[in-house]
Amino acid sequence: MDYRIPVGDWIEAAVEFLLNTIQPFFDGVTLVVGWLVDQLESGMLGIPEWLFIAIIALLGLWRVGWRFTLFAVISMGLVIGMGLWAETVVTVALVIAASVVALAIGIPMGILAAKSDIALAIIRPVLDLMQTMPPFVYLIPAAMFFGLGKVPGTIATIIFAMPPAVRLTNLGIRQVGREMVEAGLAFGCTRGQLLAKVQIPVAMPSIMAGVNQVIMLALSMVVIASMIGAGGLGNVVLRGIQRLDIGLGFEGGLGVVIAAIILDRLTQTFGHHRKQAGVLERLKGAAQWFTRGSGETKDKPAQHK
Amino acid sequence: MTDKIVVENLYKIFGPTPKDALELIQQGLNKDEIFERTGNTIGVQDASFTIKEGEIFVVMGLSGSGKSTLLRMLNRLIEPTSGSVRIDGHDVTHMSTKELVALRRKDMAMVFQTFALLPHRSVLQNAAFGLEIAGNDKSESEDRALKALDLVGLKANANSFPDELSGGMQQRVGLARALAAEPSVMLMDEAFSALDPLIRTQMQDELLELQEHSERTVVFITHDLNEAMRVGDRIAMMEGGRILQVGTGREILREPANEYVEAFFRDVDITGIFIAGDIAEDATMTFAPDEAADKALKALQDREQPFGYVLAKDRFHGVVSQDSLKHALENNKGGLSDAYLNGRPPLKAQMTLREILEPVANAGYPLPVVGRRQRFYGVISRSTLLEALRKED
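Protein chains in written order, with UniProt numbering: chain C, 1 to 305; chain V, 1 to 393.
Next up, chain V with everything else stripped away, as it sits in the complex:
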């Protein structure tokens, strides 16, 4: 994947003398000291990151963390104090007004928390707004806007007015307005935060679905961690104007950069994020498929283990227990494959913890976890799962 947006050492300082404040930052003074000395507030401090083409990049932080400022510097609704933003290799920070207008019309669209629909325009006219501004022919604009409305399921409401629609529907119009010009980058500022939880989840699903069929890059701002984990391919954690960590949700969960990030992630519902492969433990007893049944039984009895896992190299073949081995031997069958428990299918490594709760709880033995082509990851017992759910320490 190619780099779509490259941000380097981006700063935004609000106040009377940003350049002075910038110097003091370089000298290592902190936010409060700088405010006391110069009256300047630091919005964003030394942000550097790269967004890849086609990904949903979530910027996460509490209010006042600078995430909205950061987003607005990407299309220069807010002028950066220093640093650079490059989109497809073009330096946005040094564009003339004309180039900037062209970029906004063609390549970048935005979706707002308060929807920001124009009340005097119909749904269709709102969706066609960007195209109309760019000087497109009216009927062509409306055709394309209608297609965008169709994508978000609002074609039938084209002639309604925004105040006749519910919040969720209004934000769909906002989404359609952004999609209509087929931009390569979509900026979403707390786009779903004003919606009630059920609609929010629904909109998140729709966004993910829209992304599946598209190469569009999305920069998504949110203060809701579960939303970030749900939609984000990668997440940037912000606090006090700084970016603390960038990574996938699981990366950040597993190795938080500092205590703030860790504390922030403590409340996240991990059952939908961690997968079976993450928590599988090595099996205590493993056998090769050509092992003799009596030897295997002996080994299990010696180690006081009720179950054994049969692997060919790293491929999973089956599970045996002391009972099943005994039973096989009584019937004069000496191969391990005759003693396989035919209970539950092995867990898939990609299954989330939520999905494996039921099988693990009901299985009589620690369930094996397999990846592609039956590659063995390990086993998950009830206690392993409970341990994982008890949050990492």
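Isolated chain C, as found in the complex:
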């Protein structure tokens, strides 16, 4: 029996067909995604290093706390010291671009899935497929449709990173308590108002957990996507592998970890309903700590988990 079911051939034929018929669509996507990535990249590279660090530090003080801020500043210094600043910024720009697109598609899809059981029944197996398929597999059609470079890398990243946004949005909205929904309706919400004023805000922690997951997945994928020329830190890691240069590979990897921790901690904090201590209070708290020494750590605004 040397007959095998030619699934591979079918997929190839389908890809071929898509290539021939809706090429203009792919060209359009290439244009939009390419523009987004380029703008972000050049914009972020245009920011002086010290200003970039200062912005992250301020965000860190506002949202997380002084410990995190200290870590972020030191580790960003390390990145500069390793000579990987530009690569890291390119990677982060790719991650942001891919995440923005993934969220722009994923969150509305999650809302749709929450509102309609039929939509969920269709979307769910697609998500399962997207998540279990080894990420390298995305690289091939992405390269075929969009060529080599940043755009296919970003597209592959978008596909790989999107599922948590859909899943956690769907889950979050479906988990909004029955009486909460009833309260919305009982006070005269229309369907749109119910979604905008009750369901989405109440589901926000779950949706933001999705956002956080999307960003983390995107970061892991852009490294892989460097195999089709996405650039950034992935290139450094790839070069390390190709030359069996463990030092170079580790430096690239360290850059990814630092970017991951900073992105993760910053995005995690946006999932809370509660008003946080204001920027000023936090800065004041930080200033106090710097002037009085570390004995005052208990004054640090409480971190919400």
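Read the hints as simulated data drawn from the structure, not as lab findings.
What you are looking at is a predicted structure, and each value in this text was computed from that prediction instead of being measured.
Misleading hints may appear alongside valid ones.
Now the in silico label distances, taken between C-beta atoms and shown as ranges [what the hints assert, rightly or not]:
1) ILE122(C) to GLY167(V): 36 to 46 Å
2) LEU19(C) to GLU140(V): 52 to 62 Å
3) GLY192(C) to HIS213(V): 32 to 42 Å
In the DSS-like style, the derived pairs of lysine-lysine whose C-alpha atoms are separated by at most 25 Å in a straight line are [claimed, not checked]:
4) LYS98(V) to LYS138(V)
5) LYS197(C) to LYS147(V)
6) LYS313(V) to LYS197(C)
7) LYS19(V) to LYS52(V)
8) LYS147(V) to LYS98(V)
9) LYS138(V) to LYS197(C)
10) LYS106(V) to LYS52(V)
11) LYS155(V) to LYS197(C)
12) LYS106(V) to LYS138(V)
13) LYS313(V) to LYS295(V)
14) LYS138(V) to LYS155(V)
15) LYS115(C) to LYS98(V)
16) LYS326(V) to LYS295(V)
17) LYS333(V) to LYS295(V)
18) LYS197(C) to LYS326(V)
19) LYS298(V) to LYS313(V)
20) LYS333(V) to LYS348(V)
Glycine included, each C-beta is placed from N, C-alpha and C at the ideal position.
Starting from the known structure of chain C, arrange chain V on it as the hints suggest.
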């Protein structure tokens, strides 16, 4: 009082084929048979009642009795399978979505067992929710919401968030949210059931106080009989989706429709519900005020009665005893009024049994009970009271 809500032959059947089940009900099959044959569950069966404007109408039953379903059919959070609900004469069951939304915004508010406050909104924003949804101007909404918060005593917490408040305070916010739009009907679904007993009583008092100054109609769901007796002007008893009886607490207590209702009411604390007028017994000996003292004494002695009650027609004048009559006669006073015992004031007919415990226990004679303008209801002796407390049979 005018009729505010009229419910007629209301049914709710959950399941795949409600219409089939409805037919089987009409054929007289019971709940279990219908479930076995069609897989449909009966939520509410043939509910008909009228709620008057301004009253607190309590729907009482155990969990699964269909009371929450019934409540939700009033504002159509749950669609009735058949039957009609009319509010101010408008048929709610046939309203379009638009009319329904308008009704919910203007006329009906709801308070929930789990409070159902929105965690991302401050207390003030929660209270203003209904007004904001209805498209009111933001500052006007917040002004009105602040007034509602003031009514429930939470004005000072306007800028807090729900998770910073205790359960009782959270439900006050729920109440304020419902009051803010000044609805004519307020639906309360086990609103106080999640609160601890002390706070619950406090909230019940507040609800009663709020009602005193308002024409609002309240439909109040509870599984707690004492709560039902406390807040309800009238009570509807539900079991298995049916309404067994509608009436005031005392009416139901005195004449329960069936054994289920009677058994249910067995645990109620009647000392706060029955009043002196309910249990007063006729006095054995009564005299007219112009009766002569010696004749009265003779009569008492003949019947071996220590006390006699002096009435002018049906107005109470005083109590005499053999001793007091003798004493009056010894002092050459022949009128009954000279022999009146000046002990305790008569009991008021509206006093609850709890309130009369002390006077009855300490009085040396069966105390007379009077209504308005001293109208005589009868007397309550210690044994009468004990008999009443021993529960009716």
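For each hint, the structure was consulted:
For ILE122(C) and GLY167(V), the hinted distance range of 36 to 46 Å is satisfied, since their beta carbons lie about 42 Å from each other. The hinted range of 52 to 62 Å is satisfied by LEU19(C) and GLU140(V), whose Cβ atoms lie roughly 59 Å apart. Taken as a hint, the range 32 to 42 Å holds for the pair GLY192(C) and HIS213(V), whose Cβ atoms sit roughly 37 Å apart. Our distance criterion of 25 Å between C-alpha atoms is met by LYS98(V) and LYS138(V), whose separation comes to about 22 Å.
In summary, the hint linking LYS197(C) to LYS147(V) is supported, as the alpha carbons are separated by about 23 Å, within the 25 Å threshold. Proximity of LYS313(V) to LYS197(C) is assessed by CA-CA distance (about 69 Å); at most 25 Å being required, the pair is judged violated. At most 25 Å may separate the alpha-carbon atoms for a hinted pair to count; LYS19(V) and LYS52(V) exceed this at roughly 31 Å. At roughly 28 Å between alpha-carbon atoms, LYS147(V) and LYS98(V) are farther apart than 25 Å, so this suggested pair is violated.
Of the pairs offered as hints, the one joining LYS138(V) and LYS197(C) holds, with about 15 Å between alpha carbons and a cut-off of 25 Å not exceeded. Our distance criterion of 25 Å between C-alpha atoms is met by LYS106(V) and LYS52(V), whose separation comes to about 19 Å. Between LYS155(V) and LYS197(C) the CA atoms are separated by roughly 23 Å; this keeps the pair inside 25 Å, and the hint holds. Using a Cα cut-off of 25 Å, the hinted pair LYS106(V) and LYS138(V) holds, with the two alpha carbons roughly 17 Å apart.
As the CA atoms of LYS313(V) and LYS295(V) are separated by approximately 19 Å, the hinted pair is consistent with the 25 Å bound. The straight-line distance between the Cα atoms of LYS138(V) and LYS155(V) is roughly 18 Å, inside the 25 Å bound, and the hint therefore holds. Annotation: proposed proximity of LYS115(C) to LYS98(V) holds, straight-line Cα distance about 21 Å (limit 25 Å). For the proposed pair LYS326(V) and LYS295(V), the alpha carbon gap of about 11 Å is at most 25 Å, so the pair holds.
The straight-line distance between the Cα atoms of LYS333(V) and LYS295(V) is roughly 13 Å, inside the 25 Å bound, and the hint therefore holds. Restraint check: the Cα-Cα separation between LYS197(C) and LYS326(V) comes to about 83 Å, which exceeds 25 Å; the hinted pair is violated. As the CA atoms of LYS298(V) and LYS313(V) are separated by approximately 22 Å, the hinted pair is consistent with the 25 Å bound. At roughly 30 Å between alpha-carbon atoms, LYS333(V) and LYS348(V) are farther apart than 25 Å, so this suggested pair is violated.
Of the numbered hints given earlier, the model fails hints 6, 7, 8, 18, 20; all others are met.
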